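Visitor: Per the working numbering, the sequence shown starts with residue 1, numbered consecutively.
If you are wondering where the hints come from, they were derived from the structure by calculation, not from laboratory data.
In this text, all values refer to a predicted model and were calculated from it rather than measured experimentally.
All C-beta atoms in this analysis are idealised placements derived from N, C-alpha and C, irrespective of residue type, glycine included.
A couple of the hints might just be wrong.
[Claimed, not checked] Derived Cβ-Cβ restraints for the label pairs, each shown as a range:
| no. | residue 1 | residue 2 | range |
| --- | --- | --- | --- |
| 1 | Leu61 | Asp23 | 15 to 21 Å |
| 2 | His38 | Glu7 | 20 to 26 Å |
| 3 | Thr64 | Ser15 | 17 to 23 Å |
| 4 | Glu17 | Thr64 | 27 to 33 Å |
| 5 | Thr54 | Cys28 | 20 to 26 Å |
| 6 | Ser15 | Ser62 | 24 to 30 Å |
| 7 | Thr13 | Thr64 | 30 to 36 Å |
| 8 | Ala56 | Ser14 | 16 to 22 Å |
| 9 | Thr54 | Asp23 | 18 to 24 Å |
| 10 | Val63 | His38 | 28 to 34 Å |
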Amino acid sequence: MLRAVAEGRAVMTSSCEPDLFIDGVPCCDQMTAHTLAHRGYLAVGADGRTAELTPAGRAALSVTVAA
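Let's have the full structure, built from the sequences with the hints guiding it.
Guide: Shown next, in the form of structure tokens:
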């Protein structure tokens, strides 16, 4: 989800439980989308529609997990 947002492929509703749409389709895991928004990884952009990564979201994408 974070990668799709970073690629500019996502929009988000600005409600108390924000819904995420990727490539025009409702995200299949809205519970995770809500959690990412509530924990500050995603936010609605200035246009009131586009989903954007917050600094925390950008940091989460830069984490490398060792195998």
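Visitor: All hints, please: hold or fail.
Guide: Checked hints:
no.: 1; hint: Leu61 <-> Asp23: 15 to 21 Å; verdict: holds (19 Å)
no.: 2; hint: His38 <-> Glu7: 20 to 26 Å; verdict: holds (22 Å)
no.: 3; hint: Thr64 <-> Ser15: 17 to 23 Å; verdict: violated (34 Å)
no.: 4; hint: Glu17 <-> Thr64: 27 to 33 Å; verdict: holds (31 Å)
no.: 5; hint: Thr54 <-> Cys28: 20 to 26 Å; verdict: holds (22 Å)
no.: 6; hint: Ser15 <-> Ser62: 24 to 30 Å; verdict: holds (29 Å)
no.: 7; hint: Thr13 <-> Thr64: 30 to 36 Å; verdict: holds (32 Å)
no.: 8; hint: Ala56 <-> Ser14: 16 to 22 Å; verdict: holds (18 Å)
no.: 9; hint: Thr54 <-> Asp23: 18 to 24 Å; verdict: holds (21 Å)
no.: 10; hint: Val63 <-> His38: 28 to 34 Å; verdict: violated (20 Å)
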